[in-house]
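Colleague: So you can see what is in the structure, the chains are spelled out below.
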Amino acid sequence: MKKYDVIIIGAGIIGCMVARFLSRYKLDILLIEKEADVCMGATAANTAIIHAGYDPVPGSLKAEMNVKGNRMWDTLAGELNIPFERRGDYVVAIGEEELPKLEDLIKQGIQNGVPGLVFLSGDEVRRREPNINPKVSGALWASTGGIADPFAAAVAAAENAVMNGVTIMFETAFQDFIMDGNKIVGIRTNRGDFASRWVINAAGLYSDDVMHKAGVRPEFKITPRKGEYYVFDRAEITINNVLFPVPTPITKGILVTTTMHGNTIIGPNAQDIQDKEDRSVTREGLEEVWKGALKLVPKLELRHVIAVFAGLRAGGNAPSPNPNIKYNHDYIIEIPSNVRGFVNLGGIESPGLVSSPAIAERVIELLKDAGEKLEEKKDWDPIRPARPRFRDLSKEEQKILIQNDPRYGRIVCRCESVTEGEIVAEIHAPVPARTYDAIKRRTWLGTGRCQGGFDTPRVLEILSRELGIPPTQITKKGPGSEFLKRRTKDVA
Amino acid sequence: MPEIRTKIICITCPVGCTLDVTYEDQKVIKVEGNQCRKGIDYAQSEIKDPRRMVTTTVKVIGGLHPLVPVYTSAPIPKPLIFELVKRLREIELQAPVKVGQVILKDFMGTGVDVLAARDMPQAGQKAQTGSG
Amino acid sequence: MWPEKIKPIYDVIVIGSGPGGLAAAIAAKKNGAEDVLIIERDIELGGILVQCIHNGFGVEIFKEDLPGPLYAHRFIQEARSLGIEVLSDTMVLDLTPLRKINAIGKHVGFLELEGRAIVLAMGCRERTRAQIRIPGTRPAGVYTAGTAQRFVNVEGYMPGERFVILGSGDIGMIMARRLTLEGAKVERVLEIMPFLTGLTRNYVQCLLDYNIPLELRHTVSRIMGNYRVEAVEAVEVDEKWNPIPGTEEVIPCDTLLLSVGLIPENELSRKAGVVLDPNTGGPVVDEGMQTSVPGIFAAGNVVHVYDLVDWVTEAGFVAGKSAARYALEIKKAVRRKVRLVSGNNVRYIVPQYLDSESLAESDQSIQFRVVRPVEEKVWVEVTDGEHLITRKLERYVRPGEIVTVKIPQKAYDAVQKADKLVVSVAKSQGDQNA
Numbered sequence: 001m002k003k004y005d006v007i008i009i010g011a012g013i014i015g016c017m018v019a020r021f022l023s024r025y026k027l028d029i030l031l032i033e034k035e036a037d038v039c040m041g042a043t044a045a046n047t048a049i050i051h052a053g054y055d056p057v058p059g060s061l062k063a064e065m066n067v068k069g070n071r072m073w074d075t076l077a078g079e080l081n082i083p084f085e086r087r088g089d090y091v092v093a094i095g096e097e098e099l100p101k102l103e104d105l106i107k108q109g110i111q112n113g114v115p116g117l118v119f120l121s122g123d124e125v126r127r128r129e130p131n132i133n134p135k136v137s138g139a140l141w142a143s144t145g146g147i148a149d150p151f152a153a154a155v156a157a158a159e160n161a162v163m164n165g166v167t168i169m170f171e172t173a174f175q176d177f178i179m180d181g182n183k184i185v186g187i188r189t190n191r192g193d194f195a196s197r198w199v200i201n202a203a204g205l206y207s208d209d210v211m212h213k214a215g216v217r218p219e220f221k222i223t224p225r226k227g228e229y230y231v232f233d234r235a236e237i238t239i240n241n242v243l244f245p246v247p248t249p250i251t252k253g254i255l256v257t258t259t260m261h262g263n264t265i266i267g268p269n270a271q272d273i274q275d276k277e278d279r280s281v282t283r284e285g286l287e288e289v290w291k292g293a294l295k296l297v298p299k300l301e302l303r304h305v306i307a308v309f310a311g312l313r314a315g316g317n318a319p320s321p322n323p324n325i326k327y328n329h330d331y332i333i334e335i336p337s338n339v340r341g342f343v344n345l346g347g348i349e350s351p352g353l354v355s356s357p358a359i360a361e362r363v364i365e366l367l368k369d370a371g372e373k374l375e376e377k378k379d380w381d382p383i384r385p386a387r388p389r390f391r392d393l394s395k396e397e398q399k400i401l402i403q404n405d406p407r408y409g410r411i412v413c414r415c416e417s418v419t420e421g422e423i424v425a426e427i428h429a430p431v432p433a434r435t436y437d438a439i440k441r442r443t444w445l446g447t448g449r450c451q452g453g454f455d456t457p458r459v460l461e462i463l464s465r466e467l468g469i470p471p472t473q474i475t476k477k478g479p480g481s482e483f484l485k486r487r488t489k490d491v492a
Numbered sequence: 001m002p003e004i005r006t007k008i009i010c011i012t013c014p015v016g017c018t019l020d021v022t023y024e025d026q027k028v029i030k031v032e033g034n035q036c037r038k039g040i041d042y043a044q045s046e047i048k049d050p051r052r053m054v055t056t057t058v059k060v061i062g063g064l065h066p067l068v069p070v071y072t073s074a075p076i077p078k079p080l081i082f083e084l085v086k087r088l089r090e091i092e093l094q095a096p097v098k099v100g101q102v103i104l105k106d107f108m109g110t111g112v113d114v115l116a117a118r119d120m121p122q123a124g125q126k127a128q129t130g131s132g
Numbered sequence: 001m002w003p004e005k006i007k008p009i010y011d012v013i014v015i016g017s018g019p020g021g022l023a024a025a026i027a028a029k030k031n032g033a034e035d036v037l038i039i040e041r042d043i044e045l046g047g048i049l050v051q052c053i054h055n056g057f058g059v060e061i062f063k064e065d066l067p068g069p070l071y072a073h074r075f076i077q078e079a080r081s082l083g084i085e086v087l088s089d090t091m092v093l094d095l096t097p098l099r100k101i102n103a104i105g106k107h108v109g110f111l112e113l114e115g116r117a118i119v120l121a122m123g124c125r126e127r128t129r130a131q132i133r134i135p136g137t138r139p140a141g142v143y144t145a146g147t148a149q150r151f152v153n154v155e156g157y158m159p160g161e162r163f164v165i166l167g168s169g170d171i172g173m174i175m176a177r178r179l180t181l182e183g184a185k186v187e188r189v190l191e192i193m194p195f196l197t198g199l200t201r202n203y204v205q206c207l208l209d210y211n212i213p214l215e216l217r218h219t220v221s222r223i224m225g226n227y228r229v230e231a232v233e234a235v236e237v238d239e240k241w242n243p244i245p246g247t248e249e250v251i252p253c254d255t256l257l258l259s260v261g262l263i264p265e266n267e268l269s270r271k272a273g274v275v276l277d278p279n280t281g282g283p284v285v286d287e288g289m290q291t292s293v294p295g296i297f298a299a300g301n302v303v304h305v306y307d308l309v310d311w312v313t314e315a316g317f318v319a320g321k322s323a324a325r326y327a328l329e330i331k332k333a334v335r336r337k338v339r340l341v342s343g344n345n346v347r348y349i350v351p352q353y354l355d356s357e358s359l360a361e362s363d364q365s366i367q368f369r370v371v372r373p374v375e376e377k378v379w380v381e382v383t384d385g386e387h388l389i390t391r392k393l394e395r396y397v398r399p400g401e402i403v404t405v406k407i408p409q410k411a412y413d414a415v416q417k418a419d420k421l422v423v424s425v426a427k428s429q430g431d432q433n434a
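Protein chains in written order, with our numbering: chain A, 1 to 492; chain B, 1 to 132; chain C, 1 to 434.
Source of the hints: derived by calculation from the structure; they are not laboratory data.
Just so we're clear, the structure is a prediction, and the values are computed from it rather than from any experiment.
One should not assume that every hint holds.
As the list claims (entries may be wrong) - With a straight-line cut-off of 30 Å between C-alpha atoms, the simulated BS3-like cross-links for lysine-lysine are: (1) B:105 - A:489; (2) B:59 - A:485; (3) A:326 - A:378; (4) C:271 - A:299; (5) C:30 - B:98; (6) A:489 - B:59.
Said to hold, decoys possible - Some chain B residues near chain C, calculated using beta-carbon distances under 8 Å: (7) 9; (8) 16; (9) 29; (10) 48; (11) 52; (12) 53; (13) 69; (14) 71; (15) 85; (16) 117.
Virtual Cβ for every residue (Gly too), placed ideally from N, Cα, C.
Just chain A, same shape as in the assembly (with noise of 0.2 Å):
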């Protein structure tokens, strides 16, 4: 049986980016996903901000985790080459009514320790923002927020780590743990059992599942908590900002914002579901994602929409780690005093984009808390050098780019204006993309108007070609999803 030092469970933002931080040190480590490709659960559909942190319960561990996250953000873009841009987030209020809502909010942002709230008045607001609907009577401006690419952030994350020593398994599935007595020493997989001195849970919406097998707190639950989103044709809609609308409760509300690829997203609504598997949209999702958008941005048109998508959060119940506040939703991120070689993380919901350096940086304080030497790696290379993206060069780069790599003069996805050589470079880099959606994720291909439709046969023929299996096996998003049955002729 394979020994290692340290095992992560789930290649989601969060267990990428804790192989990523942990992979400094002289630590062998596993990181197993149980799909095809990293980031495919919760990290999978998101609204993809960089959260000032005004937003979570003052004291909470999100607060904590969410406001120590935003600040290692450009150092973290920077060193894994992530599209990052620290704009700024608008809360905006609509009719002077909701105004009050707005102190309330700042004065939560300064309590959590962020900085650079502004508050603007609706002049200010709609000379930024033309779009915006005209009964905006001011915005909270949170000057530290911004967008990012979860998907790049994960992939970068994830190679940085197998650049440093890390491995990968994929379409590997955590069954159970191997005890000695109460310390774990080991997990059981569907391909075979691994020998570890340290387990770390980051499997997302299965978290409840996994700490439970370690009779880890029996009481917390998992509840996946679906948002639907509506994706706009980039041609048609240009939102400038990231625009929340003032939040309720239980969430964040629905927001308007424009993304890292230039595409305006509106989403996410909030409804409870059961199966953590059940990503579907739904008619009543939708509508009511609809409704909620046109209230900051009036004028949207439906004509416009070239996608829909939902994601699910991965909502628990745990009680805060602060004694002194009241609030049943926060981040586990512990060492459970009942079993030994296990680091606990669950209900890694929003803020998790933001706070995932953060939380890596904290479960290495855990480890060393707990006694693990640390010794660093001389050779530790922080840097996830950048692949050439061919719409974003110049007309010189591009020209000097096909020159080195044919490749690269042959546009696979017209929409996005991605190339051949590209996709090649994602099938061979250090985390490969083996399926459509990987591709999809890291080049943005069939993300356009088409919506692969044109670039689909090509995409299929070229990861053919280069893992050298038949087209019939080639998948859209792991074992059971093939593109294509069988040959035309080949008629049982």
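Since chain A is already given, all that's left is putting chains B and C on it; use the hints.
Modeller: Chains B and C alone, transformed into the frame defined by chain A:
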């Protein structure tokens, strides 16, 4: 043999009249619902000897694509369509294939040939530049 | 590796080699355009016709009932025999209102070209599942009919075994028959309208012939299956397209085919500043198929979606002819004017440019002043730089007196061929600056 009454849609012209046809033993007795004479002709041929053009593909080895489109030189009797498709499925051609090439001659004595609908050059030909 | 054969400027550049583009290129060549180039993003010519292996093409133009590829073949052959140049596997990235093109291709690198006239013939794309917002999951197995058609007929793969088709448009019905002939089962065709949206002929020959049920006033209310389609939920709708509760039916299948509309593909048109008609989704054009940008024409499904390919071809002919005319006008305007250049002892000449065509009508006078006076007989000469075109003997020349020279009509041929006309006063023995 009993009299059968059925509805068929005439496709001779874009109007698409729904014809109410009574026939016995593949012989048309009455046609109603037609707006012109062609409807009667169509009903008669559809009842007696319905025919269809068939277009499909045939496997090619070593070509630019693994299939070449083919078509029947004339309509074939409708009941023979699946047999034709089955026969064609068993054929494997060697590239290059030329447009108009006879893939199957005189299918089942109908006098109808199956022809290639395009050239299929050998694989590995450079992308076309220049003229000609 | 990068071919030098590609010229920097063409009379007519056609973007797209489907029926619209092919017809435009052919008509351009036949109407006087000398250099005609087709840029095609696929590896071969024919556009969408490559995958439309069914018949029904050419009924009007050829009076024959041809399969798509054969129809295309006729025009491809003609284009070849006319010497039309082709760049395939090459995608146009950018088009400016001044008709400059950036294109890239694996075999040609990065190209910068210009067309005196451009014909847009990029065709159209299919409406997607997301655009009609079908609720449910996003598994593998949801295809637009055209993409499925490409797989089945060209790539050689079946996307599924059990199909439900949404939309009774022609592509959907054609695919219903195609899939059935290749051994798959088409469970149902659903159409949201209360009427058939495709041709009756296809209803008979694709659905009725194969006993494939069609349900009007129905749509798909939900897609099911996490990784691969497992079923769709069909539902009846009212006049406002709202689902009627209680009419839901789950149809097990592994593939959903969408035939829910075509949209003209106008990204490049937008980049070129072409004004689009929101009703068609395509450029606003005049009777010659010229768009709002002078010199940019459009033909085929990129303008609006046609029923018959024969009309696309006709439109292509119109656009190609207009494009050729436009290109020729530009060439003439540029070629026509010859510059008059000051030679020895000439200070300036008016006019500075001579339209060589004007000599077809009459002699043309030009006037000039000298730099230095010469008080004896001198020759005033007009050459093309090498050869003499005309000369005149002047008794004297003085800066204060304008000298006139006539370019005679018989010099028409010489002037047509000339790059410039040099006017000079011949040096004589008494010339100070000899």
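Colleague: Hints first: check each against the structure and report whether it holds.
Modeller: Evaluation of the provided hints:
no.	hint	verdict
1	B:105 - A:489	holds, 21 Å
2	B:59 - A:485	holds, 17 Å
3	A:326 - A:378	violated, 44 Å
4	C:271 - A:299	holds, 24 Å
5	C:30 - B:98	holds, 27 Å
6	A:489 - B:59	holds, 7 Å
7	9	holds, 5 Å
8	16	holds, 3 Å
9	29	violated, 22 Å
10	48	violated, 16 Å
11	52	holds, 6 Å
12	53	holds, 5 Å
13	69	holds, 4 Å
14	71	holds, 5 Å
15	85	holds, 5 Å
16	117	holds, 4 Å
Comparing the model with each earlier hint shows violations of hints 3, 9, 10; every other hint is respected.
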